[in-house]
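Visitor: Residues per chain are reported as follows:
2 protein chains.
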Amino acid sequence: MNSAIIVAAGKGTRMGPNVDKLFLEVAGRPVVAHTWQRFNDAKCITEIVIVVRDGRQSAFVELATRYNLTKAHRFVAGGVERQDSVWNGLEALSPGAEIVAIQDAARPATSEALVAATIAAARETGAAVAARVVTDTIKESADGKLITRTVDRSRLWSVQTPQTFRVEVIRRALGEVRRRGLLVTDDTAACELIGQPVQLVAAVEPNPKVTVPGDLAYIETLLRQPQP
Amino acid sequence: MNSAIIVAAGKGTRMGPNVDKLFLEVAGRPVVAHTWQRFNDAKCITEIVIVVRDGRQSAFVELATRYNLTKAHRFVAGGVERQDSVWNGLEALSPGAEIVAIQDAARPATSEALVAATIAAARETGAAVAARVVTDTIKESADGKLITRTVDRSRLWSVQTPQTFRVEVIRRALGEVRRRGLLVTDDTAACELIGQPVQLVAAVEPNPKVTVPGDLAYIETLLRQPQP
Numbered sequence: 001m002n003s004a005i006i007v008a009a010g011k012g013t014r015m016g017p018n019v020d021k022l023f024l025e026v027a028g029r030p031v032v033a034h035t036w037q038r039f040n041d042a043k044c045i046t047e048i049v050i051v052v053r054d055g056r057q058s059a060f061v062e063l064a065t066r067y068n069l070t071k072a073h074r075f076v077a078g079g080v081e082r083q084d085s086v087w088n089g090l091e092a093l094s095p096g097a098e099i100v101a102i103q104d105a106a107r108p109a110t111s112e113a114l115v116a117a118t119i120a121a122a123r124e125t126g127a128a129v130a131a132r133v134v135t136d137t138i139k140e141s142a143d144g145k146l147i148t149r150t151v152d153r154s155r156l157w158s159v160q161t162p163q164t165f166r167v168e169v170i171r172r173a174l175g176e177v178r179r180r181g182l183l184v185t186d187d188t189a190a191c192e193l194i195g196q197p198v199q200l201v202a203a204v205e206p207n208p209k210v211t212v213p214g215d216l217a218y219i220e221t222l223l224r225q226p227q228p
Numbered sequence: 001m002n003s004a005i006i007v008a009a010g011k012g013t014r015m016g017p018n019v020d021k022l023f024l025e026v027a028g029r030p031v032v033a034h035t036w037q038r039f040n041d042a043k044c045i046t047e048i049v050i051v052v053r054d055g056r057q058s059a060f061v062e063l064a065t066r067y068n069l070t071k072a073h074r075f076v077a078g079g080v081e082r083q084d085s086v087w088n089g090l091e092a093l094s095p096g097a098e099i100v101a102i103q104d105a106a107r108p109a110t111s112e113a114l115v116a117a118t119i120a121a122a123r124e125t126g127a128a129v130a131a132r133v134v135t136d137t138i139k140e141s142a143d144g145k146l147i148t149r150t151v152d153r154s155r156l157w158s159v160q161t162p163q164t165f166r167v168e169v170i171r172r173a174l175g176e177v178r179r180r181g182l183l184v185t186d187d188t189a190a191c192e193l194i195g196q197p198v199q200l201v202a203a204v205e206p207n208p209k210v211t212v213p214g215d216l217a218y219i220e221t222l223l224r225q226p227q228p
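In the order they appear, the protein sequences are chains A and B. Just so you know, the working numbering puts 114 at position 114 of the first sequence, and the rest follows in order with no gaps. Just so you know, the working numbering puts 162 at position 162 of the second sequence, and the rest follows in order with no gaps.
Among the hints, erroneous ones may be present.
Since the list gives no way to pick one copy over another, a pair counts as held whenever it fits inside one copy or between any two copies.
[As the list claims (entries may be wrong)] Once the Cα atoms are required to be at most 16 Å apart in a straight line, the calculated EDC-like pairs of lysine to aspartate or glutamate come out as:
#1 Lys-145 - Glu-124
#2 Lys-145 - Glu-192
#3 Lys-71 - Glu-112
I should point out that these hints are in silico values taken from the structure, not numbers from a laboratory. Just so we're clear, the structure is a prediction, and the values are computed from it rather than from any experiment.
Extracted from the complex, chain A is given alone in its bound form (with noise of 0.2 Å):
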């Protein structure tokens, strides 16, 4: 059985001060409910588990209500840190459980296809992650005013999600993150902890994170583009 957890305990603090980027509306609805509406109607998730900040889940059961979002689903209170909101999800999965998607809340781009490539890859070698090839040409600053060097980018990838497991290789690599009191960038960092490797799954379609305000005007136009 294949799970989600829609992480959307963030602060993100990029868009201003106290404008919580989750609810912000975009081609007709909030942020988020566009998250959700794509997990809830993807055939290759069979469950919802959705990371809350304490206080606004009252806000979410009303999305449901309003976007008729009826695929079973859960809410757990998030953690101080990102790795420690995955985790109360891990915890909140069914026993069941054999796959987990983990998705940004406010990534509500992301294409069925593209989590159901990422569940495959992560069935077959434990761990998978949505990326794109870096395009641009990067530059090393020491100090963010004069350039350093310039990097080789035919080897880098922009990671984004979902960051797909087996439920098994998660809780290990997050488990193990805890054990020795660190602080990751992202789930698949966890990975490389403890040896897992992680296969990067090409996105094809544009899979935008909503981070400052700038963004939103590309995002509401790739929203209203039908879906495949």
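Please arrange chain B on chain A, whose structure you already have, making use of the hints.
Guide: Then chain B, alone, in the frame of chain A:
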């Protein structure tokens, strides 16, 4: 005096075979006509050299008429590599040119404020480039299939255009590249070769490049927004 070189001689194969991405219509006119218009209207720019592919000059002459692009401009033919095209552009500058802003023709949303900021920085230090801090999580992969390691993104910048220089600096830098028979990814990499520091100028507004078909909807949205 500040000049601009618009590099419009590339083939850009990622858009599909036999597609000249510079002449794709977006927001009511060809991509390159937007780029040219921005430099035509920029008060900080006195003359424009446009580097075109052999045989394409008449299409550009037509653009000038159709969109009333009346600022002093001339055309030169491109070379085999991008760096050869830039070299040809440098050869065509007026003798009075002190600063040159080198621009990808496929970057149609560059703001006048950004051009002016790179000019001011280049005047001070010799070389400057529009850039954006990398906000995505970046992974390295040796084979394009498995993640090899997580890259520390805190020092990484994605560079754009304009790349702007004192004319004598970029002449010396690219001259060295040519003498040594090297191939560089961009004009600032040539500066690294002669020990010329390059200053990063943070691009506040989005400044995307048309690369793949999926970019067009976003760029359409951007170009239809009123300019400040």
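Visitor: Decide, hint by hint, whether the structure agrees.
Guide: Structure-based check of each hint:
{"no.": "1", "hint": "Lys-145 - Glu-124", "result": "between (44 Å within a copy, 13 Å between copies)"}
{"no.": "2", "hint": "Lys-145 - Glu-192", "result": "between (31 Å within a copy, 15 Å between copies)"}
{"no.": "3", "hint": "Lys-71 - Glu-112", "result": "within (15 Å within a copy, 49 Å between copies)"}
In summary, this structure violates none of the numbered hints.
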